[in-house]
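Model the placement of chains B, X and F on the given structure of chain G, informed by the hints.
For reference, the chains in residue letters:
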Amino acid sequence: MDLSYTAEEEQFREELRTWLAANIPDEWTQPGFWRALDDDESFRLRRDWEASKTAAGFSGIEWPTEYGGRGGTPGMKAIYDEEMVRARAPQTVNVLGLTFLAPTIMAIGTPEQKAEIIGPMLRNEVIWCQGFSEPGAGSDLAAVATRGVRDGDDYVVNGQKIWTTNAVHGDKIFTIVRTEPGSERHKGLSMMLIDMDQPGVEARPLKQMSGASEFGEVFFTDARVPAKDCLGEIGAGWRTAMLLLSFERGASGVGQYTEFRRQYDEIVAEARRFGRSDDPVARQRLANCLVELECLRYHAMHILTQVEQGRDLGSESSMTKLQWSETFQDLWEAFDDVLGPEASLARPRPDVDLTPFQHQAMWSRSVTIWGGSSQVQRNIVAERVLGLPR
Amino acid sequence: MDLSYTAEEEQFREELRTWLAANIPDEWTQPGFWRALDDDESFRLRRDWEASKTAAGFSGIEWPTEYGGRGGTPGMKAIYDEEMVRARAPQTVNVLGLTFLAPTIMAIGTPEQKAEIIGPMLRNEVIWCQGFSEPGAGSDLAAVATRGVRDGDDYVVNGQKIWTTNAVHGDKIFTIVRTEPGSERHKGLSMMLIDMDQPGVEARPLKQMSGASEFGEVFFTDARVPAKDCLGEIGAGWRTAMLLLSFERGASGVGQYTEFRRQYDEIVAEARRFGRSDDPVARQRLANCLVELECLRYHAMHILTQVEQGRDLGSESSMTKLQWSETFQDLWEAFDDVLGPEASLARPRPDVDLTPFQHQAMWSRSVTIWGGSSQVQRNIVAERVLGLPR
Amino acid sequence: MFFALTDDQQAFATTVREFLADRFDLDAVRGVVEDPHGDGHPVGLWKGLADQGALAVLVPEEHDGLGLGLLDAQVVARELGRGVAPGPWTATVLAAEALRLAGSPEQQAVWLPGLAAGDTIGTVALRGEAGTWDGRGITVDASGERLSGTASPVDYPSVAGLIVVAATDPSGSPGLFLVESGASGLVIRDQETYDGTARVGAVELADTPAEPLGGGTLSGADAVAALMARGAVLTAADLVGVAREALTRTVDYDRERKQFGVPVGSFQAIKHTMADLHVAVTMAEHAVLFAAHAVDTQDPGVDVAVAVAKAKAADAAWATTGAMIQFFGGIGFTWEHEAHFFYKRARRRAPLFGSADEHRARLAALTID
Amino acid sequence: MFFALTDDQQAFATTVREFLADRFDLDAVRGVVEDPHGDGHPVGLWKGLADQGALAVLVPEEHDGLGLGLLDAQVVARELGRGVAPGPWTATVLAAEALRLAGSPEQQAVWLPGLAAGDTIGTVALRGEAGTWDGRGITVDASGERLSGTASPVDYPSVAGLIVVAATDPSGSPGLFLVESGASGLVIRDQETYDGTARVGAVELADTPAEPLGGGTLSGADAVAALMARGAVLTAADLVGVAREALTRTVDYDRERKQFGVPVGSFQAIKHTMADLHVAVTMAEHAVLFAAHAVDTQDPGVDVAVAVAKAKAADAAWATTGAMIQFFGGIGFTWEHEAHFFYKRARRRAPLFGSADEHRARLAALTID
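Respectively, the protein sequence lines represent chains G, B, X and F. Heads up, the first sequence is in UniProt numbering, so the first residue is 1 and it goes up one at a time. Heads up, the second sequence is in UniProt numbering, so the first residue is 1 and it goes up one at a time. Heads up, the third sequence is in UniProt numbering, so the first residue is 1 and it goes up one at a time. Heads up, the fourth sequence is in UniProt numbering, so the first residue is 1 and it goes up one at a time.
No lab work stands behind these hints, which were simulated from the structure alone. One or more hints might be untrue.
[As the list claims (entries may be wrong)] As a list, the in silico EDC-like pairs of lysine to aspartate or glutamate whose alpha-carbon atoms are at most 20 Å apart:
{"#": "1", "chain 1": "G", "residue 1": "Lys207", "chain 2": "G", "residue 2": "Asp39"}
{"#": "2", "chain 1": "F", "residue 1": "Lys258", "chain 2": "G", "residue 2": "Glu383"}
{"#": "3", "chain 1": "B", "residue 1": "Lys207", "chain 2": "F", "residue 2": "Glu34"}
{"#": "4", "chain 1": "G", "residue 1": "Lys207", "chain 2": "X", "residue 2": "Asp27"}
{"#": "5", "chain 1": "F", "residue 1": "Lys258", "chain 2": "B", "residue 2": "Glu184"}
{"#": "6", "chain 1": "F", "residue 1": "Lys258", "chain 2": "B", "residue 2": "Asp140"}
{"#": "7", "chain 1": "B", "residue 1": "Lys207", "chain 2": "F", "residue 2": "Asp35"}
{"#": "8", "chain 1": "G", "residue 1": "Lys207", "chain 2": "X", "residue 2": "Glu34"}
{"#": "9", "chain 1": "B", "residue 1": "Lys207", "chain 2": "F", "residue 2": "Glu338"}
{"#": "10", "chain 1": "G", "residue 1": "Lys207", "chain 2": "X", "residue 2": "Glu145"}
{"#": "11", "chain 1": "X", "residue 1": "Lys258", "chain 2": "G", "residue 2": "Asp140"}
The shape of chain G in the complex, shown without the other chains (with noise of 0.2 Å):
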């Protein structure tokens, strides 16, 4: 065991703490600023900062810098993913485009999808969205239902996507769609990269049990995309989708375990502020989740530690799935069942809001379904890791 990170590392983590320090208005880490603004200031204020982050070498961490990454190590991206997080930085806009869809491009891209679309992403020029899930293809991810026509160099596209991340602000979209009339399951999809500034795609907002908006629809009605726009060969989206999806499995652990450790510390702080915290039965349910985000953050090292050794994690992810979200869930369980009655009441008292709170409990009931549900998520570990029979 050695927990510690290189010289070179520790160096980076001085240089990015120096830069965000010097960077991050005082403003945005105070409670409720971002809330308070609307929903396109708060994106194009976050857009334009990281763009600048990007432009000071401290965007693309572990990329080559070929692709205009810093070359990093993975301890270096641990890093900045906590220092990120100790900051208080806003979050990243492009998020879906920088995890998944670039490191796909730096594998199976054209040429001209590698010159074309890295360096912008990474400045944020254009905004990525995500478009897997259907209203009827969600756990099943294969039951894609949006088409694509052939229609000389183009394909005519067709359908609905759901759960879209900054639907409303994306410039782009890589989505998977059935080219292959008539093909079933996994067979005669693509992975198509198409432009939602034109009329055919529109973008609608979708209203969360918590009033707000993360997650948005993306309804294509003769979209076009050019044939050449489409990630890995016509036919092969489902291989290209899980290469995708294999880039989830990095070490974003650490930077996990210290936002949710601090939020533990905030609901630790709101027990006590009303009369909770010496209560031994709320203590042992705080605490609870305290072992669990240890051992997420525990998990954390033994993940990167993989990654540096360049072990394919494989199943494992699903693991890392179940922990984290299982734990954040639990965690804003605690908070409602630790405050009690003051927990539904956005301000208990005149002083107290807490609005952030409760959404953040509201958005805990989401992270279990997303991404691979903690059901999917159990078939993989038990079928793939421990070799249960399907």
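Using the frame of chain G, we list chains B, X and F on its own:
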């Protein structure tokens, strides 16, 4: 709601209580008395005592008088169950015969079976075992492999049964046998009533994890059973078995609650003795057991009402099984949990014998397996009560 | 032995249920949810409930009530929970119970007919911020017939004409007081809650004139405790209704919704979860019936029964509504879907009149000490 | 970043595992279990462990030890748990740790070589009946160099040549003392336990001569706390080994065992339970590694790490061994089957050196107050 019993029923309670008070020796109710006896001696004592109870008119409470029963109401049966527990009466020795076989014979037995089987069973002249489970047929009862081949007026039976209560004390066994060669699953089975006192039948005690032997194994090696000693028609054994098992749906929950509640109080007393009863976390754990126990009691009253109204309980018995077995297991988990290191010692103090508690705690692991595992019961509730697709 | 609702009680349940289905369905509920600054008190719904006698259930016949018991009242509470119906029904019924239990004949005559008819809306203010629900959580002080302090959260204080306030006198003894809307020093501060099927607020009192409840069957701490117990049972009944309806809707949906070419309800992970929830909700239903009956008959085990019912109902509603969102898949997480009505109602009400943990602590005190 | 065992540590694990598989398999364990009045200390097993250096891991090289860390020691503990192996390994290692941490150079020179070689069996007596595991549970009193009182349960006191006893002096300060077998006033009362893979007893002291441990790095309450932490980590490692092996055996069995014509492991209810347990056991494995490393490196977060590891390991072992019995079906409930070795070992050890609840309470104190 009217949770009282009728005057006649309460009169019955008085009579029973009086008889029990006069007929249970004081020493029998002392801790450790029964465990100190050897198995045969204990069985003999209980067998004889129950025969005298039958003679006094306190057996077959809700059976018609023509079968030697008392012709009582379901409420009297519930009172009987409750008072037997309260008086710390010895455990019923012929329990499987009385609960399952007798009512099935009343329903579908031949006149000879009715005349020859029920009376001797009630008087404990014949002790009946149940032979359903096999090593390869547990939750999946239809996988029965024990086979019977016709030979003149008899069937010749070969195979093995397991989890047979009172196996070594049994005189006869009602058992599922595959009498149609080559038949599969639910077809070709027959419910044979086999004399255990013959060279072809061997019973062995089955030692459990606690060291006790509530169960046994029964081996058939060319055992013979006359074809007339089939209950129901030859080949209709599955139907007979299902009818038989339906009689589990009695009102025994009232007695069960009484027993489990006493166990709760005994566990609480040990928690107090070992200084654990003031711990708020331990108190929550115990109190939650009480919540489930009280619900079991209410459920028993609900079931009794259904029985009194002549309703078919159907799949509701699966719900009853889940509630009592999971509650009972959880109660004994609480014993281990609350008592801590002392729970695993036979005598944490020289004057305190926790062995009976430990036996119960281990026994509690079996109740979610036998009689249809919790998994099987959940399937039944989901499919037959909630109508979810198979 | 008859552990069930009578035919009359079942018919009463059906009447309320059909009324809601016909006249205040989930679209109507949505209207209230999506108008958070409205008073959350639809007059049509209120009049309908009054017409059915739903407000008069517990009021003695001599005061124009039906003179029935808590077992009958819980029938209404359960249906309102099932329909996630808004409005000050529980609040008003509890205010009337305070008068019935602790009020003088004169006080009863003044207030009960109006409460029973729905002409007067009542509510109860029994606990202050972060307080427990056992009398120790009272944060209003009584000095003679003047009250000062703040109770929170209180159901529907803004529309209430009568607020029953629990307050402690200088010697520390608790008691119940009547405060009328518009009383001097009374300020109602609306409190936004995520449960759009209710409206709540803080009741701030500053040397506010109040009339002590007195001359009834119960007084002081006993009266407060009796009111808390009734609040616990009616809240438990509401939660059980929420839980049952959430479960039924989820099962119905999963019976049909297909993923991987089969109904998701055919997956054993979902089946077993639903089966366990069905057992839990059924047990909670039993527990509420028993507790209501125990209150009505002054059963010696009434304290245990009330605590069991509230603990079990809160846990069952919490678990069932969480599962509802999970097993509707993504759609159950949207604003447009009804799942969040059930989820939020369950979350907000679960801790009212004592959380499951508080009631378990009470059970421990009753059976361990 | 290297969060894993080194190749050397993995090789060490393999050596111990293969030794147990070859020389002390479950049949040998059964021999010990079925001889409850035997001393539970098979000499061949003990010599084999000593030969591999398993007893010398933590002993400094100057005293004939390997001078390694707790991370290496937990490798052994985990394999012993996996093999449900009997014997006073943990007890002896902890006694040696007491000397290493709190003993004078002379005391170390007298005892450590023998403990490292397996010539002397040691044990620790840190807590009395129903006591907590944080120093407040000490029930032995020290009067100068004389001890009186009873510690219980103590691992393998009957075969121990050296007992490290925690005792409080008249001022209430705790400290560690050495008591040799045969000391006057020392009575070992064997205590029957259902965990046949261990032998335990009460250590009764009546004005028994004892040598205070002193002159080492730690003393007093710090020494007791350090020993408790090491006991917690090694017990957690044992429990994690038990849990992992129980899970592996259950998965292997359910992959093959058929009911309803298919392997029971193809049922989703079983699959999902196994998946959740696999996640839990894996997290517990991580937690034990981290905690051992935190002790070795005197990480500032060591108190949190130890509490997390013990809580998580106890819960994982408890759940996994319960599931083992359930999902082996009836056969797992029989004496002839090995499931009960795992189940009983997990149950007995889960509360040692602090239950999951106690460690959660400690975490609350560390992160909430």
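Which of the numbered hints are not met once you compare them with the structure shown?
10
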